[in-house]
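Asker: Chain residues, written in single-letter form:
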Amino acid sequence: MPVTTMNGRAIQVNDEGFLTEYDEWDEDLAKVLAQNIDIDLTDAHWKVIRFLREDYRTQGETATTRRVQTVGGVPTKEQFTLFPKKPAKKMAYIAGLPKPHGCV
Amino acid sequence: MTTTQDVLIPKFDDDVETDRKLAIICSKGNLDMAYPGLILGNAALGEGVETHLFFTFWGLDMITKSRMNDLKFTPVGNTATHMPMGLTPLPGMTGMATHQMKKSIAALGVPEVPDFLEQIIGAGGHLWACRLSADMNHLTDADLHDGVEGIINASEFIELVNGAQLLFI
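Chains as they are written, first to last, in our numbering: chain A, 172 to 275; chain B, 4 to 172.
So here's chain B without its partners, still in its complex pose (with noise of 0.2 Å):
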């Protein structure tokens, strides 16, 4: 056991101005998918680093009203589920696949997407949704989730995440 002379207290590095910022390009749709950019988005937020989510393409629903709380898992052309692909696209398969997987995440408390991105905002992330995407699907600010904070172009995202680290997912 060694004795230290001084108190021996953790660094948590509280006035070291830091400028990282990280964001995160959530572009898929699908349930599994939708996990990995909050994830680590809420564990950046956690250790003080700004996060920036954009959500584009089919990432969009994540944040659409109409379809946050619908997300899907299927296993069809997914070989990672390790079953037989042929039995993939039988009925009931993709309700099942998604049932399975939302009973999984419950079960480790990580919550449902619309209860994720509240806990994103509320620990200080910033949400925003693509202008093409947006425009594509005919989507405006009252179809998007109250937190996102605006609808962006690519040129305003590039200038937005000068010096970031990004994530595209």
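Chain A with its partners taken away, still in its complex shape (with noise of 0.2 Å):
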């Protein structure tokens, strides 16, 4: 398993750059993770990464577009336009979650 360093500390991450362990995330590391995919977090993105660290918490997986949608409030236009082109995988890595295992 490989570790980074982002925001001053040793961060566990999967080969691709995902985190592995749901603890070592906090929001400051969000904002760096964010960065690091040039994306600015707004009140409209906390909304969507809130509820998908709480919803793992619940469910023990990440939510998928449509539980976003269906359970989280948010419609899949806004995720589009929040997070473009990928908006799955971008969700789950701010989050600090791994990618969504479901299909739809």
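Rather than coming from a laboratory, the hints here were simulated on the basis of the structure.
There could be a bad hint or two in this list.
Said to hold, decoys possible - Beyond 12 Å from chain B on every Cβ pair, some chain A residues (computed): (1) Asp186; (2) His216; (3) Cys274.
As the list claims (entries may be wrong) - Restricting the straight-line Cα-Cα distance to at most 20 Å, the calculated cross-link-like pairs of lysine-lysine (PhoX-like) are: (4) Lys270(A) / Lys68(B); (5) Lys105(B) / Lys75(B); (6) Lys202(A) / Lys14(B); (7) Lys256(A) / Lys14(B).
What the hints assert, rightly or not - So the derived label-pair ranges between C-beta atoms look like this: (8) Gly179(A) / Ala83(B): 54 to 64 Å; (9) Ala83(B) / Asp211(A): 41 to 51 Å; (10) Arg23(B) / Glu198(A): 26 to 36 Å; (11) Glu225(A) / Ile42(B): 39 to 49 Å; (12) Gly244(A) / Arg23(B): 26 to 36 Å.
By construction, the Cβ of each residue, glycine as well, lies at the ideal position given by its N, Cα and C atoms.
Can you join these two chains into the complex? Each is in its own frame, and there are hints to help.
Answerer: See the structure below:
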């Protein structure tokens, strides 16, 4: 498991760069992660990220874009605006979660 | 554990100007065969691929307002269901099989066809109807889902999919 340094501390990541330890993430780190992929976090972004974190805790897996829409209340179209082109992966990355496994 | 000198960032390839295009031809009107096109189309959109869905022949039912909520699945003649074929035409079998299928699909959080189309449109997908099929069934724009961009003929379709990867369902 690779270890990378961000925000002054060692973070465990997988071969792609996604965080592997749920508890190594915090909101400060989220800002760094977002900057890594050129995204400026607004309140709308935070709504999604906080939903993903909370949902992961209760469900044990990363929410898909559909779940972010139906349970999280953020429409698909908005997800594509906030996290252009590859929303599912980008949202998961910034939230320090694995890529979603579900198909929809 | 290997320590990386530079920060390890996933490659999302935003700056890679891709002209990757995917066109999915949906030609079936049974409930089971409505899903492959929708799921792959949705997945492609989630990967930033320009995606077009072209509905032709029975597939037109998926985008016809009066039919899209009533797609059915039948085990008749479908040996993949592993049922005795002689039982499949019995009254009620199609209804039961459709109901079962809808339950299984919903249990996975996958939406029904109309909602799925909404999601695909929200994700930037393009929906097209086949001119010949529409004419055969005497259908106009008014009969089709509002998100359908247009009824196009075969030549227009061939122009549209120039350079695209094609998937026929």
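Asker: Hint compliance check: list the failing hint numbers for this structure, sorted ascending.
Answerer: 1, 3, 4, 11
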